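A.B. asks: Next come the chains, spelled out residue by residue.
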Amino acid sequence: MALFEAHELHLRFGDRVVLEDISLSFEAGRLSGIMGPNGAGKTTCFNVLTGRYRPDRGRVLFDGADITGRSPQAIARMGIARSFQLMNLFDEFTAFENVAIALPQTRRRGADAVGQAYGDAALVAEAHDILGTVGLGQRADQIAKSLPYGERRALEIAVALACRPKLLFLDEPTAGLGSDGRARLADLVRRLKGQVTLVVIEHDMEFLFSLADDISVIHWGQVIAQGSPAELRTNPWVKNSNLGKLA
Amino acid sequence: MSDAPLLAIEGVSKIYRRGLLNRTPAFQLDVDFRIDKPAIVGVMGPNGAGKTTLFEMIAGSNVPTRGRVMVAGHDMQRVRYGERDRLAIHYHQSYQVRRFSRTRPDFVMEPAGSSYPVVHLFDEPQFNTQDGYIGFMLDFFRRLRSERRLVFICLHPTAALHLELLREVCERFFFVGDGQVRPFADYGTITADPRVRNYLGALAV
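The listed protein sequences correspond, in order, to chains A and B.
For what it's worth, my numbering labels the leading residue of the first sequence as 1, then goes sequentially.
For what it's worth, my numbering labels the leading residue of the second sequence as 248, then goes sequentially.
Among the hints, a few may not be true.
Cross-link-like lysine to aspartate or glutamate pairs, in silico, EDC-like; alpha carbons within 20 Å at most [what the hints assert, rightly or not]:
| id | chain 1 | residue 1 | chain 2 | residue 2 |
| --- | --- | --- | --- | --- |
| 1 | A | Lys239 | B | Asp386 |
| 2 | A | Lys193 | A | Glu27 |
| 3 | A | Lys239 | B | Asp425 |
Part of the chain B face toward chain A, derived, beta carbon under 7 Å [to be verified]:
| id | residue |
| --- | --- |
| 4 | Tyr338 |
| 5 | Gly379 |
| 6 | Phe383 |
| 7 | Phe387 |
Please keep in mind that the hints were generated in silico from the structure rather than gathered at the bench.
It should be emphasised that the depicted structure is a prediction, and the values quoted were computed from it without experimental measurement.
All C-beta atoms in this analysis are idealised placements derived from N, C-alpha and C, irrespective of residue type, glycine included.
Construct the complete structure from the given sequences, taking the supplied hints into account.
C.D. replies: Below, the structure is given as structure tokens:
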């Protein structure tokens, strides 16, 4: 059984079907990609997988447990973290503080946690370690607001990693990044591979094809294609597209 | 699924009149055909010819002025509103659009008797050669057909690519124009028709 499975998800908003029949499975230790054109239902699908929306039909299983309809908080506590298309950071806090706040031992402490965090050597070391993982080791004391866009995105991933997830969902991590930023983010994601199971929703095909172990293509609220990048590349239309030319 | 044809459009006309007082028709579309077996069907025609009206009548979101649309043996206008997309689903570009004007309560109506749509109507899907999605879209149409579904792809060709796609994936065609929906057995016959050639203009080779 895969670490995460979704079976025959169906969701409608009023008269509109947004997810018709989605089945996905993500194996532990792998990087699975979800891609699709604008309006295909990627983010809605993501929101069902991470508990923000409850599907009308279908089931979501994580680590053997049925998590369909559980709250996002409950799902997060089970070891699923997510990043957002729109970033969620405490802008007035430093990079270190953003990560320190997200560590489970800090959250248990409550209101004075941030002040105390600096006095806890183990916690400081762990936060720095995570910042190092995402390439922000030198940026620990900078205010989040002052970081360039690409580094804010890396910091957001650091915050998600601070929860020590078994599975990390990244929603359009390259959104708004230039080619330099994308290359740096690709390096970061490559480093995370193997340390944590990753599911990346991405509009940028090139990015996913270079990183993912397997890819599901979503369109019209359905999975229209599935396979490894090598398998998907055998499609003659893919070969003739920009993507094929890169191969 | 029953033995009934996947789709039977029986003596259907849709008439839009100029107004409540002026009853002269502003638009009329007459349709009558049936398709028994799974297929991928291409639909072409000028803007305003009635391609979307045809799709809406098949999906049950537009009420024919006369005649009836049967999907897998069900009269679409008698099926519960919320279950019509279990018979025929209308995808408008990337979104799935359905607006039903409800005139009768659901409890007097019939269930769809299907959990996954029988007829899939793709209304002007966006094909972009750059990103490679086309290949996955074409494979998806073929997969639906192999799962015994009926697939319609409606396009108003504006580039040679569009015709190339229709030729590659569709096995039969309809041309919507002058208030009629005319059937064609294959790509060769539709592109040989003078009316269609006139419509395609420079794209007709």
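A.B. asks: Mind checking the CB of Gly379/B against every CB in chain A and telling me if the closest is under 7 Å?
C.D. replies: Status holds, d = 3 Å.
A.B. asks: Is the shortest C-beta separation between Tyr338/B and chain A less than 7 Å?
C.D. replies: Result: holds, 5 Å to nearest chain A Cβ.
A.B. asks: Quick check on the hint: Phe383/B CB to chain A CB, less than 7 Å?
C.D. replies: The hint holds - Phe383/B has a Cβ within 7 Å of chain A, the shortest such distance being about 4 Å.
A.B. asks: Need the status of pair Lys239/A, Asp386/B: alpha-carbon distance at most 20 Å?
C.D. replies: holds, 14 Å
A.B. asks: Check whether the Cα positions of Lys239/A and Asp425/B lie no farther apart than 20 Å.
C.D. replies: violated, 40 Å
A.B. asks: Let me know if the C-beta of Phe387/B comes in closer than 7 Å to any C-beta of chain A, holds or violated.
C.D. replies: holds, 4 Å
A.B. asks: Could you grab the alpha-carbon distance between Lys193/A and Glu27/A and see if it respects the 20 Å cut-off?
C.D. replies: Cα-Cα ~12 Å, so holds.
Figure legend: structure checked against the earlier numbered hints; the only hint not met is number 3.
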